[in-house]
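Enquirer: The primary structure of each chain is shown beneath.
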Amino acid sequence: MVNTNVRVSLPAVCFVWQVAMIILFGVFVRYDKEADAHWSETKKEENITSNVENDFYYRYPSFQDVHVMIFVGFGFLMTFLKRYSFGGVGFNFLIAAFGLQWALLMQGWFHSLDPVTGYIYIGIENLINADFCVAGCLIAFGALLGKVSPVQLMVMTLFGVTLYAVEEYIILNLLHAIDAGGSMVIHIFGAYYGLTISWVLYRPNLHQSKRLHGSVYHSDVFAMIGTLFLWMYWPSFNSAICYHGDGQHRAAINTYLSLAASVLTTFAISSLSAKRGKLDMVHIQNATLAGGVAMGTAAEFMIQPYGALIVGFCCGIVSTFGYLVLTPFMEKCLKIQDTCGIHNLHAMPGVLGGVVGAITAATASNAVYSPEGLINTFDFQGNFATRSVTTQGAYQAAAMCVALIFGIGGGALVGLILRFPIWGDAEDDNCFDDEVYWELPEDEESIPPILEYNNHMVTKNPDM
Amino acid sequence: MVNTNVRVSLPAVCFVWQVAMIILFGVFVRYDKEADAHWSETKKEENITSNVENDFYYRYPSFQDVHVMIFVGFGFLMTFLKRYSFGGVGFNFLIAAFGLQWALLMQGWFHSLDPVTGYIYIGIENLINADFCVAGCLIAFGALLGKVSPVQLMVMTLFGVTLYAVEEYIILNLLHAIDAGGSMVIHIFGAYYGLTISWVLYRPNLHQSKRLHGSVYHSDVFAMIGTLFLWMYWPSFNSAICYHGDGQHRAAINTYLSLAASVLTTFAISSLSAKRGKLDMVHIQNATLAGGVAMGTAAEFMIQPYGALIVGFCCGIVSTFGYLVLTPFMEKCLKIQDTCGIHNLHAMPGVLGGVVGAITAATASNAVYSPEGLINTFDFQGNFATRSVTTQGAYQAAAMCVALIFGIGGGALVGLILRFPIWGDAEDDNCFDDEVYWELPEDEESIPPILEYNNHMVTKNPDM
Amino acid sequence: MVNTNVRVSLPAVCFVWQVAMIILFGVFVRYDKEADAHWSETKKEENITSNVENDFYYRYPSFQDVHVMIFVGFGFLMTFLKRYSFGGVGFNFLIAAFGLQWALLMQGWFHSLDPVTGYIYIGIENLINADFCVAGCLIAFGALLGKVSPVQLMVMTLFGVTLYAVEEYIILNLLHAIDAGGSMVIHIFGAYYGLTISWVLYRPNLHQSKRLHGSVYHSDVFAMIGTLFLWMYWPSFNSAICYHGDGQHRAAINTYLSLAASVLTTFAISSLSAKRGKLDMVHIQNATLAGGVAMGTAAEFMIQPYGALIVGFCCGIVSTFGYLVLTPFMEKCLKIQDTCGIHNLHAMPGVLGGVVGAITAATASNAVYSPEGLINTFDFQGNFATRSVTTQGAYQAAAMCVALIFGIGGGALVGLILRFPIWGDAEDDNCFDDEVYWELPEDEESIPPILEYNNHMVTKNPDM
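Protein chains in written order, with the numbering used here: chain U, 1 to 464; chain H, 1 to 464; chain C, 1 to 464.
Think of the hints as simulated: they come from the structure by calculation, not from any bench.
Some clues are possibly wrong.
Each pair may be met inside one copy or between any two copies, as identical chains are not told apart.
[Stated by the list, open to error] In silico DSSO-like cross-links for lysine-lysine, where the CA-CA straight-line distance does not exceed 30 Å: (1) LYS43 <-> LYS275; (2) LYS43 <-> LYS33; (3) LYS33 <-> LYS210; (4) LYS335 <-> LYS275.
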């Protein structure tokens, strides 16, 4: 009999890690100059004439949209299971709230550490990047949904954020690849990290939980809340950390178009694949988002509106086929149980996005971008001032491999750690069930007043 | 026996139209100068000192709010039926994603086509206008909800967007009427377009689907998500394309106030009309929004805060009475079946908004607006530099007629097209049923674990 | 037999008060200079070079986030009861829509009245402050949820807004305390106002409604929508009216961190307190927000990131313990029935926030803030130019007492008024029931098509 009691382990992990965060923030983290009360002095020193030049006003609306995607988007997308809605939205909440703190530190050490003072200075862009980092772990959570304990999720997040920060440093700083919306850094890494963990934690008798491995009518509607907030705000996600001006503007347009196209091809394939052309909610909830994933790398490139539509067109098809063909195949033959189908929504579109990014980078030209625009878009400055666009394309391709290696390697390592029988995960016949980790309310059927008020219902106008 | 199989027609329509979009975008659509990588050159040429002057920063937050209204607002408002929530939110998603692409082209040809290069240049304002255009079709969808097939909806959207773009060009460019929030262009057109189609597609035996023509408790709560996101973000809708500065500021204030007032009168009439003063969710979900519709035309006018309150006051009353009296009358006597009651929420408040706009335009003065403010608000420049405010009022009234004619005429035409027995729509006894076009999950009652975990429930503290 | 018929009283209150609002707005309220059509003249007079300097662009995104918190956040948080979701989200909608109008007037008279013209000039900051004022009343509503009639709620809001405006004037203007996110002005006042009313309206036989005093599975998921939108947008709430630049920036960062920390300690205590470590949705829905409440006063202070984490850490613990220990104790021993547990979510974290604010104010220094930063943050100008930080700390503490006194005193007064047997509130055995004030749809179980489509279900692929 497996012990799913987390009464000691979960509070212990939460407390110890939160205390560690407080200590580490005390030692390392301060406000950056745009958030510090010395800002009025900074303005004078740097000849900034208006408060509106504070990065807060450029990025805060995008930050809030990204924040909604992380907590409501990912959270509600994972409420689709009939009896795991609490776990879907609740554990998403827990690991995101922890992950963003750890991400501020890890990313800070790699990107924002001042060598003189030894402090990490944080501002609005750090908050966005922390949310991005958390997204990688929430993608991985999608593969594990319903099969692991909250303590395992916390461990998965601790290591996931750590690996992400290293991988991100290699890709963005050492390889100097561009990945504004994170097709590679976030989606490829997150998806293969989660899939590998799921492979290591393979549950041979998961079919014993089959009764709970599906949706009910209203849980599918709840999941659509997640889908739509992800879909609507994805232009903010891909443009949030682009450079000011045309970069953010173009990234939003490209993502908007790509997403629209993937909706149509998702509906098409979903209908084509079913008897009588009936649509499947699983496809609509997930594959419609693939266009956003795949525009991550090339978001701010001059891919042109029709280029964005083509990307979305292909992704909707690939992703829906994944749900139809690959997910059953992977479960049966590769022993990878992928609850939310993150391979279809994140891994494949992420790879497609990385490829699109590499090609469009390699074919960039002064004519299309203008000389200054090319420098801005690809950040050809400092050590990279002389890099050619073809070289850039090659480094983009190399970045994909780095994300893949970190995802699979990290996932294998963390999967092994999570196999220890100490984490309180449920047995194979008890997965996808909120009853294991949540106090559940009594059931709807047992409400007495339903009968009572039905007696009153005769007073209601029957024509309304 | 009617054939509701859309396995060929729906994928065919989605694929062919999406491919057509890609080709047309390839031929016609490029980024505008604020989204193009040449922006750094543009800044120098036009002496723009800061990236914050990029229109993206003026309009992106409003755009995102409008985007939420289109997909979550309209989508969830249409989940109120007990077994058509998938269709409500899902088909809304499909036709909006298609419609916005077609709208970018149609509106682009009329408004943003560069005669020299032959290109349509798109930026953030085009995305907002595309979302606006789609709103017109989604309003029409409200009248047809549950009675048409997704293929019919795609056809309805194709023609709807086309008609909208022409009507909008006549109203905004030829008549030079002001309609920032679209009381006329969006709401009058969309509502009469949908109502006329519904009239042409009259189903004499719709009462056979009566068992499904109503809500259940939780579907009404889902619909409130739609209501509230529409309500909260309507100030952004009406101010999204107003001119920078006081125009956007004033439009947001006016809409905020008008909406607040219509909530109170909606509650009042709803309570007044029912036995024991009980409130009706249909009214609360819909009539509370009428104040936003009616402030569409006059949003940026100097109508003063109390003027906005009066508009909202009247609309809440008119709209709720519509649900109580007009919808049953229209169904019985005029043979117009209006599922969501769009006549009450969009048509009547839209007409009221058009009238308010005409009157307030005709009575505008230099004293109230300041000379420069008058020119800004009514765009009295170029060919229209010498137009008087009374003339403007007359053109505003003429614009209402144009919207009405396009709605009714277009609706009659499209209704006839949709009557062909080739579109896969359901029979009269099978309307409002997701089962026709969606793979439905097994039902909630049949979840075995409910019994199982109830046994565990004895462990729960009964006092919580 | 109590009469719960509100058919006369509710419409009468709505109509009369809305008409009063129109008249008072007509006499008193106009657009401020940034929303008035004379803005182009104002720009010239004040040498403003860009429209982006209009306060609208600094504050509108924050305003919209706050607006979502008021209507969706508070509204859906109160849908957790199994049969009071209509009342939770619907009455929240009604009283917020009324309250914000009355707040614009009341706050306007105290803060924005021009002594020369006799007009209140409103702009975007007034809308934010009106939403803030409404938040105080919605907090109070949380204690009364399910036990009062909509007419009582309207009366509660009328007085609540009035008291709030006076209290706010004393705290912000006379005492010159800082309270950007309203730990004191909003949360302490609102919570004790509601708790005192609930105490006066004590229902000795409320246990007779016990069958409805709990959640069902899906109502808990609905409530999570409210929780998450409150949680995500709280950084906007606390930063919305901070001064431009680093003030808003810092307030957002502090609140973001404080909220993240309270999530972890809430999960920890919730798990620690239950058999087998099972989490309780009541805690997750509420106590996770305590970090936002407690950062209200010190939001823009230089509390440093680790300081914000410590505040959130403590609040999550205190608030969850409140739900475990204090709420049952208060109901049993103090005869205070607090439906939503606002004492745990608003009162205690509010007090903690006030204390943190007083201490951090008293220990502020030129070194940490820079001289100009100190003046900006604490607004040491005009009559207050010579105030020391220690004096400021004392005034912060005094402000807490003012909020407390207004809450308790006002609540006692209003509670007595609401005890008159004329308001249509339900009997003790009929609380928490939407049936009293709402036309309810027929119940889910009685949908015939469920049986029907289950017959079709055999066509569905059973592996999906």
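Enquirer: Name the hints, by number, that the structure is in violation of.
Expert: 1, 3
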